[in-house]
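Protein chains: 2
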Amino acid sequence: MQNFEFYNPTRIVFGEGRVAELNRLVLADARVLILFGGDSARRNGTLAEVEAALGDRYVQHFGGIEPNPSYETLMRAVEQVRAEKLDFLLAVGGGSVIDGTKFVAAAVNYSGDPWDILETHGQTITQALPFGAVLTLPATGSEMNNGGVVTRKATKAKLPFRSALVFPRFSILDPTKTYTLPPRQIANGVVDAFVHIVEQYLTYPANAPVQDRFAEGLLLTLIELGPVALQDPKNYDVRANLMWVATLALNGLIGAGVPQDWATHMIGHEITAQHGLDHAQTLAIVLPAMLQERRGAKRDKLLQYAARVWGATQGDEEQRIDAAIVRTRDFFESLGVKTRLSDYQLNNAVIEPIVQQLEAHGMTRLGEHRDVDLQTSRRVLEASL
Amino acid sequence: MQNFEFYNPTRIVFGEGRVAELNRLVLADARVLILFGGDSARRNGTLAEVEAALGDRYVQHFGGIEPNPSYETLMRAVEQVRAEKLDFLLAVGGGSVIDGTKFVAAAVNYSGDPWDILETHGQTITQALPFGAVLTLPATGSEMNNGGVVTRKATKAKLPFRSALVFPRFSILDPTKTYTLPPRQIANGVVDAFVHIVEQYLTYPANAPVQDRFAEGLLLTLIELGPVALQDPKNYDVRANLMWVATLALNGLIGAGVPQDWATHMIGHEITAQHGLDHAQTLAIVLPAMLQERRGAKRDKLLQYAARVWGATQGDEEQRIDAAIVRTRDFFESLGVKTRLSDYQLNNAVIEPIVQQLEAHGMTRLGEHRDVDLQTSRRVLEASL
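If you read the sequences in order, they're chains G and R. Going letter by letter, the first sequence gives residues 460 to 844 in the working numbering. Going letter by letter, the second sequence gives residues 460 to 844 in the working numbering.
Next up, chain G with everything else stripped away, as it sits in the complex (with noise of 0.2 Å):
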């Protein structure tokens, strides 16, 4: 195992009705900017849960944050808190609305250009206001880890940043809040989950079984639910464990002592900033080829992948590899989520802007031996067409 550190104080509230805790768990005296994303989080009454649970503190909102947040619209939130000295603010949404709400945190207070936050992923951040979450949608697990992704749509940077100074101080997690999500935002929360365990899972062996036994034990779950809360949105046992397994699927825990690969969601990011497709659409297209692409790096895990996640253990090594690629393509084209840039109308000519933006980004050593050039960037793009 390898040396690391662990550490993650975000308190989690899960369950069935707990929104009403917001008046146990948020200071009496706070004032309160609510952060949301598009009308749902108002048509579908969470809103009012919320505004009812804070009682008679003082609250403001701020709509309107998109899929991908930009830096431009984030920025706005940041004058409101500003401008009103507003201290507490609580995101009502998803992994957008939650990563956006990290980093109005620390551009409120943050002493020169907020846009530097994004150039040094997080590192210049000193101090953050306190927020809470209440989560809707299952997928990205920034309700109970310290990072996010931000895009400057003037410049179509898509950046990540991570700070200690940004943990959610709590997260409500009730699954009812997804019975009314659209079917493409539950099958994006899984693909999406499933390729952070992967990127955390299919590298190389480090003698750290108990990562390995967790992060096969959220795969086969998400493999085991994932269809079902399509097919039954109202199962709550079903909902409530994909969002149990997302959070888990990036908070810390099956990442720590272990090498971590990430080169899928680097790619990825940049053909959401120049295509706008969703983040999972991004990651079903990437990493199968990756993983293709990759091959003789992850052969160990590949085999083990096969062998206890997809339970393919006839043939030969080949075989095995071929099959379980195979079986995670499909998996996600059986959500609906499709696996190729041609299924989202994206053909050659999209490949070399994607890996001059990786360059202009750093993104030029990705992947667990920091060997994923872009030369191999580009082959796994080609591969993925």
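To be clear, the hints were calculated from the coordinates, so they are not data collected in a lab. Careful: at least some of the hints might be erroneous.
[Said to hold, decoys possible] Pair by pair, the computed Cβ-Cβ distance ranges are:
1. Leu624(R) - Asn462(G): 23 to 33 Å
2. Asn807(G) - Arg758(R): 55 to 65 Å
3. Gly476(R) - Ser801(G): 43 to 53 Å
4. Arg483(R) - Asp575(G): 20 to 30 Å
5. Pro641(G) - Glu464(R): 22 to 32 Å
6. Gln834(R) - Ala507(G): 45 to 55 Å
7. Glu464(R) - Asp789(G): 36 to 46 Å
8. Arg535(R) - Asn462(G): 29 to 39 Å
For glycine and all other residues, C-beta sits at the position ideal for the given N, C-alpha and C.
Once you've looked at the hints, dock chain R against the given chain G.
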């Protein structure tokens, strides 16, 4: 899945050589009390390493915390902290030292009689001194949770307590610190962690596939690595994984959202309090008899445990359950931990006094269904002879 709240702010600093980081983890102006057990921490150099890392901080020592730490001993530490105005506690040892340190942290500024902390199982704790830990013995999980167990020698009462205020600020887990442990302590640690997992897993199905798979992953890892840890004491990876398993076995994660049992522990505590057996020895005695006694209530999970943990899929259901219980007992015995009261020169005469103490301590409705009454506990003890 059941509703739950998960909160665990302890920072884990894991790996060889991490003790040096105490300088980063402890405030520069802290007045530190180092708490430890017997001579081994000094003899094997860990204390010297800790002192070197603390540099020129003001440091005092309190040694002699015994296995099953006693109220009487710990109150002397409380007096020392009060008299010397110390403000940070550092536990160097295993679960007994860390449990004891938690009690001291809560008792120093406690307004009433500190014994109340135990009588109320921690509910009356309103503040605690900050403290950290350097773990030298993987077993109890105390390094990453908010509970402890303290024994009052005068009355032979061994009582658990718990409070959100007694999480360690940090715990340093250096697997090399376990190299010099006697085999008996390693074996005890494996049994202790094993039974911690079983108490949270082997109850009844609660639609919690992730918690189940995590628990099974931890059990399988203990079964694989426990014997190797005894045969090959300086195998870093084995000791590292054992250490991380024991921590994860009782940090709240696998117990979140599922029913919990703990009847085996409560009966075991009374055996230790009256007869001085090691904690793990009492668990190894009680658990097989408890599973046998409650095979009806635990039927579904016993079958799952048989299949997934022991690979027992042959025969009818009763045979598979029998196999799982036998293999559990055999596993403990294979580690050198005896599983019968008679192995420890205890006979039928000890049972009634244990049952009386259970009654005196309010342990009259134990288990996940609260139906393990005194009569059931008596039968379990009779089956443990």
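>> Need the list of violated hint numbers for this structure, in ascending order.
In response: Violated hints: none at all, because every hint is consistent with the structure.
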